[in-house]
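> Can you make the complete structure from the sequences, with help from the hints?
Residue numbers (the numbering used here), protein chains in the order written: chain S, 1 to 245; chain C, 1 to 220; chain B, 1 to 849.
Be a bit skeptical, because a hint or two may be false.
Residues on chain S that point at chain C, a partial pick, calculated with CB under 7 Å [to be verified]:
id	residue
1	P204
2	R205
3	D223
Calculated from the structure, these hints are not laboratory results.
Backbone N, C-alpha and C fix where the C-beta goes; we use that ideal spot for every residue, glycine too.
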Amino acid sequence: MAVIETVNLTKVYGHAETAVTALDHVNMVMQAGEFVAVMGPSGCGKSTLLHLIGGLDRPTEGCVRLEGRDTSRLSDTQLTELRRRKLGFVFQFFNLMPVLSALDNAALPLLLDGARPEHARAKAAEWLHRMGLGARLSHRPRELSGGQQQRVALARALVAEPLVILADEPTGNLDTRASDEVVGLLRQIADEAGRSVLMVTHDPRLAAYADRIAFLKDGRIVDETRLSGDRDAEAQVTREKVAAL
Amino acid sequence: MSVRNALLGLLAQRPRHGYELHAAFVALAGGQELWDVKPAQVYTTLARLADAGLVTQEGVEKEGGPEKRIYAITSAGQEELTAWLNAGVPSEHQRDESYIKLMLSLSLDMVDPYHVIRVQRNALFRELHRITGQRQRADPRVELATILLLDKAVMHLEADLRWLDMVESRLEDVRRQPLPQPEPRPRGRPPRRRETIEQTREAARAAEPEGRALPVGAGR
Amino acid sequence: MNTLFFQYALAVRYLLGRKLRTGLTTLAIVFGVTVFFGLGMLTPAMSEAFRQNLIMSAGEVDLTVTHVTGGSFGAAALDVVRRTDGVAHATGMLRRNILLPAGLGRASGTKQEVTAVGVVGLDPATARTVRSLSLTTGRFLSDDDTSTMVIPVGLASKLALGVGDTFALPSSSGTAAFKVVGILSARPAAGVEEVCVPLSSAQALINQPGQINVVEALLAPGARRDSVAAAVQARLGDGFRLGGLEAGGEVQAAIKFGQTFYGLFGLMALLTGAFIIHNTFRSVVVERRHDLGMLRAVGASRRTVLGLTLAEALTQGVAGTALGLAAGYVLAALIMAAVTPLARDYLRVDIGRPLVPTVPNVVASVVLGVGIPVAGALLPAFSAARVSPLEALRPAADSSATRAAGRRALAGVALIVVAALTLVSGQFALSSLGTALFLVGLILIAPAAVRPIASTFGRLLGLLLAQEGQIAQGNLAREPGRAAITASTMMVGLAIAIALLGTLSSVLGGYRGYLDRSLGAHFLVMPSSLVLSGGNVGAGPDLAQRLRETPGVGALTTLRLASSEAQGIQLQLIGIDPGSYPLVSGLTFSQGDPAQAYAAIGRERAIILNGILATQLRAKVGDVLTLRTPEGDLPYQVVGVGLDYLNSKLTTGYISQAYLANDFHETSDVLLMVNAAPGANVAAVGGALERVVRDYPAFSLLDSESFRASQAEMLANFQRASYALLLAIAIPGLVAMVNTLAINVVERTREIGTLRAVGTTRRQVQRMILGESVLLAATGTAFGILAGLWLSYVFVAGMRATGFILAYDFPWAGVLACVAVGLLIGVLAAMLPARQAAQLPIVAALRYE
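If you want it as structure tokens, here you go:
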């Protein structure tokens, strides 16, 4: 079963003459363990799509189904719970709590869910270790580099074992090397932990980590390409390309 | 040419026979996946090098199997190699098949040029995905050379993708202009690299204001 | 709940992250709780001290009969009780608390001082049929005894007295020496120790021959108390009461009033604190929008976010309350230490009791101290909970749009109009409600008024800081909402300060006026306690006579005292001699003609009320009051409203001494005022008077001049202490300013970076922030002074309505001080954020999201 399915997902901002259609009847399906990148020029509705899927905003028309369940009818409380347990967010600006340590930041969703603090911290520590931050558990965000902060944010997104990770330009504030690290980790999460990852980006190099790219333009999906699968064909193309270099 | 110079270089390390040369070249080029040179091509090139007096057959090795001719580099070969090592290698990106395909699609009415762009983009992305995967699997502690090679591919692919985006956004403008026609000027050898650069710059300067596409580099 | 734990953990981290701000806002709570709790703790201690001196213990008998006024009555009532069916035995007593002047209440060589004793005049024949009085040594009083006494064992040991010793009490004719004949075994009693003397001696002692004031009775076996009590009550009428003596009702009421006043002051401070907290949290929510959005995005429910903000307020409330309780105790102890000697010297009240916080006071302090900050944070907490998770994804917090400033301003104007109407109504309660409305009204108007005021002051500022002033003014106008919040915090703080200053200086001015008018005599012959009804032993006519005969004495007048009740309100009656009183002293009239009023009270049953009494009774000139007297209910006509200094805080009526003697059986003089004859040497007269007064230990001679000076000094001290308190109220304004400016800097980080990048110097950036701060402060100060003047005027008008004659004293000094403090706050508040802004690395600032 699809983890996420959008049906005629539409979002219109404003009214009458000033109305702007940010998303226009988008239909999209994501499977478990699938890594999907959303690309498109700025203002194409990438972020809106992510917000709607994440339950941060409500659609004007259509719906989002998470594991077959329509989320657009949920109450705010239910949506909150959904975000806490089923979704993990990674933001462009990391958005860590400046007053909390890396460990507590990563443990946040579990703490919010009422888990025992020791348990929450143990799980968070485990994820931070996996992110290569084992030595920085007690650091405050401002004592970490951008890449490290984003990895803390990644640990936070993963700590509650969500179905889907939603990442909005997660490397927008990182240099190339840190970007590769972070998106490489997202790739790993999809492959090894079986989480679905939906990432908005404008960087083709990073989009190429995904299994699939959806191209958005003017609020519609104009093209979609599957990147993995036909390995032989790909190998052929690669050879030709490298030979041409 | 690159195979030719590469063989010279490999022979400058030490004399080798054809089979050994082929294996050494493939390894150097990052594996068969990246540059699949057939053994036959190695032998033909060797033969041509020998004809030009750049290599010479040094002896025959016979160890159980079929006999293998061993080649070594000559002093002329050394000179040629030195010249190559001390000169730049011309970029050959202007010779682009996808560009030709796109220009033709504009005039052929057989296919939507936007479709051509999309197909090309998807192909590039797939390739980028593959190389990215390959690059991730490579161990930076021992395979750094390969990683750097793959990085180069990634960067070129990125450039290609960006270029496609640019073309897509200006395709309508291109459509309104006539396709590049043959010009009444003599064609000869491909220009030397300095000239090529000069020419490209001039062309760019000329093309930019009017937004014209770059002229096709002269073929052989 | 673990989320609860989490909320607290996060709240504490947030608070610790901003130590200065947390400290300053918490200080507002600490201050409020300190005042509320400290003064709240003090009043019960004082009140208890007075109670101990004034209130007599009820006997352990079946039936006690007293007069409702607490006054004395003839023996007829005793006979009535005795003849009632079911009463086995009854006895009459004259009981009175008597203050011991400093010379009499201390055994030589001991430090312990007894300030008062209860004197019980007993009929030796019948007393022991009703009361069981067991002796440890000696004998009981006998029928033919005079000037004998039995004293409780506790007092005996305190004063080192034994059987055969002599104990002197102040009496109406000087002192009366009593021979101790027996020691009573200890009896646990509330209040002062009781000494028993023969009834006749007691009557002589306080100049009430033939009078008793308590009847105690023992019931016959088998008689039901209810029915006997009902029968006694029916026969005596409602002028009598079944129950013990109660005295000092009006003093207790005055202490209560003081408690209420200080409670209000503390409450006001707490409310200011709440306002500060409210503003701080409003700013905090703006500042943390990103964080809050993120919390919501990763799954914090609205409740969690709400709880987080409230947890912060709660933590501050708890910490502030704890500190405030401690500081309040210290404050109370300090005041106590300052007041105890004063109370001992002037009032003969020993307040040296341990300060014990009462349960209601602690509960109220904790509830208010914790509750008010939480209440103040409630609205911001709700807006925090409403922060959309999308805020987390927005790169830069866009400033909140200007709200419907116009509509709010209209509502504000409406409120101020209503407030003005309450002022006109003349009802004190209404106009104090109007005060609150006025403040709220001003707060509502503030956002709309910021722009014009900012531009006015901006022009002034432009003269000082040419370019920066422009930018600063623009910044304020761009965010009128936030500027208004800050300015209004300053406004509330300064308004309260100015209001209290204005009221205070007017009231003190008023008191000084009374002081001069009421104590116009050259000499005062004062009783032990300045509170006239507080157990002073009056003097018989011979004291006045001897003083009058002293060479060089001109006019002399005396005051006499009784207590009564009218319309259920306890009051003290002061008997004056309408002929001589105006010559020596005088009331300050707010209603009625002085000459006619004095003539009227000499002629007939007429009364002059003081302001408080007139207000409480809602009486005016021409009304007829029914006063409870030992002779039954009698009508007195109100002929004037006026007051003197000493009794301005107690419900008091003035009647002539003739009617006081007739209706209340009171003929002792409790206060005498003497003028030197024209041309006489005042110092010599003082010396002569001193020699006379020496024979009356209950009295002391006071030179009015020095008394007035000491009273004026006390008022000045009080004024100074109040100024210090007021300064503390201004501190919250500083907190609010620092907050707003700091947040402005945070929000404009990128803008400041840009300014720096294009060549603005650090100094210029600093000056820009400084300019903004000074503009805000000026705006807040302007509003605050305006509001404060209004408020003080309302207060003064309200006090006038209660009969005080007050001239509105424009607090020039206060206004000037507020302008200075306001501008100083503006500069101080800007220092930190300005430095912060100036030191921003340009590149980091440009990159800041």
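> Which of the numbered hints are not met once you compare them with the structure shown?
none
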